Amino acid sequence: MGQIKLSNVKKSFGAIDVLHGIDLDIRDGELVVFVGPSGCGKSTLLRAIAGLEKITSGDIEIDGRNVNSVTAADRGLAMVFQSYALYPHMSVRQNLAFGLENARMPKAEIDKRIMEAARMLEIEPYLKRRPGQLSGGQRQRVAIGRAIVRSPVGFLLDEPLSNLDAELRVSTRAELAALHARLKATMIYVTHDQVEAMTLADRIVVLRSGRIEQVGTPLELYNTPGNRFVAGFIGAPHMNFLQAAVENARPGHAVLSLPDGSRLEVDAGRQVLQQGAALTLGVRPQHLTLGKGNRSLRATVRMIEALGSETVLHTELGGQKLLVVLPGQHRFSPGSEIDLSLDAAPLHFFDEKGLRLETSV
Amino acid sequence: MTVSNADKPTLPERLGTIVKTPVGVVMGLIDAPMRALQRLTGLSGMALFFLAPNMLIFGIFVLLPLGINVVYSVTGGSALFLPERTYVGGDQYARLFDCGNYLDALTCQEDAFWTAVGNTFWFVVLQVTFMILAALVTALILNRNLAARSFWRAVFFFPVLLSPVVVGLIWRWILQRQGLLNFILYPFGMEPYNWLTDRDWSFMAAVGVSLWAHMGFYTLILLAGLQAIPKDLYEAAAMDGTRPGRVFWRITLPLLAPNLIVVIVLALIRAVQVFDEVYILTGGGPGTSTLFLTQYIYETGFVSQPRNPGLAAAASILMGLVLVVLTLLQLGLGKRGENKGKRR
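Respectively, the protein sequence lines represent chains B and G.
For the first sequence, this note's numbering begins at 1 and goes up steadily by one.
For the second sequence, this note's numbering begins at 362 and goes up steadily by one.
Everything labelled a hint here was simulated from the structure, so no lab data went into it.
In this text, all values refer to a predicted model and were calculated from it rather than measured experimentally.
Don't be surprised by glycine CBs; every beta carbon is placed ideally from N, CA and C.
Errors might be hidden in some of the hints.
Partial pick of chain G residues on the chain B-facing surface, computed with a CB cut under 10 Å [said to hold, decoys possible]: (1) Gly461; (2) Thr603; (3) Arg604; (4) Pro615.
Work out the full structure, taking the sequences as your base and the hints as a guide.
Okay, structure coming up:
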């Protein structure tokens with residue numbers, strides 16, 4: 001079991017409120033990723049669940065038991081720290097055994113658990129080494145091993161890949177996903193990297209300024225972001241936002257006036273857009289295609305990033321920036337004008353407060 | 362690397378730079394002679410040129426007196442001028458080591474020396490032990506989230522800033538018969554007592570005062586060591602359900618070991634050299650109960666009649682050897698700590 005329930009969890013440091021009433025249900029065996037920009041409270045929330053930070057108010061339940069006043073050690077959770085937090089003066093074996101010795105576990109059982117974890121993580125050859133004699137990736141495995149040997153009800157991982165280089169991060173990410181599938185344990189994973197969140201999570205919790213902005217599966221968040229912040233945070237490069245005004249609105253249909261003076265006819269689905277209302281039109285850079293269509297824009301190329309497999313165009317439309325990602329290789333010169341078709345692009349509409357307007361375009 | 366003439370600044374360009382700032386003026390003035398000197402001596406010669414003033418001062422005030430001291434130790438008589446002294450070889454050392462039983466100073470020809478050695482030994486053992494324990498406990502407390510933490514840190518460091526003479530005078534004023542301690546104890550029915558004329562109390566006073574005066578320095582080193590231990594390790598230990606005592610023995614102490622070694626050896630070296638504040642406090646008394654090695658050397662060489670600079674020099678060289686051993690120990694342990702640190 002590893003159900004974790006948060007009810008109206010608040011945390012303040014003095015006069016500064018860091019978490020503003022977090023409600024969340026994490027199911028047994030689920031891999032939930034907390035994602036958000038720096039300072040959004042994701043690590044604080046993780047530490048509150050771990051018992052390393054005392055919450056100001058609210059309730060934290062693990063498997064139905066309120067753990068507000070339970071010490072970190074007795075919550076049955078294990079944590080993998082961003083810095084790995086391996087004891088530098090102890091060997092890998094001693095690091096793995098330390099928590100089990102604290103629990104006064106029989107030596108034979110400790111040895112068995114260490115060997116199982118070491119085999120699983122392929123760190124058997126390094127058991128006698130000290131953390132300083134290991135590479136970043138190996139240290140990371142030891143840190144995970146230290147969590148595994150405790151057979152916790154849940155794993156808490158605080159940006160565990162942030163100290164690895166880009167290549168190692170990709171391979172370790174895949175190993176973590178495989179480990180989760182194998183252990184079937186509840187995992188809460190904190191990251192500011194939305195690619196990690198998208199690739200690992202069963203569900204993503206997007207946080208901003210101590211509040212949950214949206215909870216959902218990676219594709220739910222990508223396809224139907226609940227607000228402009230989530231839309232901008234999930235997906236790389238981030239979604240384009242164009243300020244627009246509604247002209248000639250009628251049920252299921254509207255004409256939008258764009259900053260460059262052009263008009264764009266859109267289906268508004270069940271949403272009735274109000275005549276004259278200002279809204280934000282969101283479109284992902286990958287969903288724009290070259291050429292004229294029924295719905296198209298004319299933008300000026302400002303910069304080109306040729307990545308080989310794709311070309312990223314930084315364009316401008318009526319003073320607003322518009323990113324375009326085109327598959328393959330293309331040649332443009334800065335200052336040239338191009339037509340971009342929105343025919344195949346899912347469009348997202350956000351009201352003046354940044355909330356999603358439900359449309360099905 | 363060769364620099365073509367085209368890259369060199371022209372004279373008007375140089376003058377333009379020179380007149381910009383006062384520093385520029387000075388730099389401009391020394392530029393030409395320095396360039397000439399470098400052409401003459403080469404780059405390594407310039408390094409020696411810049412080291413020379415320091416080496417000269419070190420030579421005059423450290424190496425030369427050291428050499429003279431060796432000469433004194435193999436000469437006899439009370440004369441201070443070397444030409445007036447007679448060569449006696451190792452007689453001074455033989456006199457110091459002429460003992461029936463090294464554990465009983467009274468059986469030694471130079472009984473004051475061995476009394477001072479014994480006192481210094483016990484002073485070092487007690488002072489260093491209490492010093493390390495007190496500094497460690499203080500550092501552990503100051504490392505916690507105390508209210509007014511900076512204030513408390515300053516309070517413990519403040520005595521380090523005092524001159525040893527001031528330390529001695531303050532504590533003499535506290536511990537003398539008409540002193541503050543008796544004034545405080547008197548209302549509790551305690552008769553005024555002269556702590557500094559009691560053999561045992563005066564020795565413990567010397568240990569205590571020295572501890573008070575120097576503890577802040579060692580506390581500071583240990584505090585820096587404690588603060589260098591990553592907080593994450595303690596959080597990992599908390600997640601592992603580690604009891605506080607085990608956290609101290611298994612995490613804090615091993616990670617503090619490099620700082621602790623430095624502190625122990627520095628405290629040892631300093632304790633062996635004990636003199637000034639205790640000399641002001643007790644003058645070495647009562648009797649010879651607080652006579653330490655440095656005071657013996659000072660009094661033998663400069664105070665006693667007839668003075669014996671040769672004997673004092675020999676004793677100081679023996680003490681110097683002890684300090685050399687301790688310094689080598691510090692360097693060795695420090696290097697071991699560095700290597701361990703690199704392996705981490």
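What are the numbers of the hints the structure violates, in ascending order?
1
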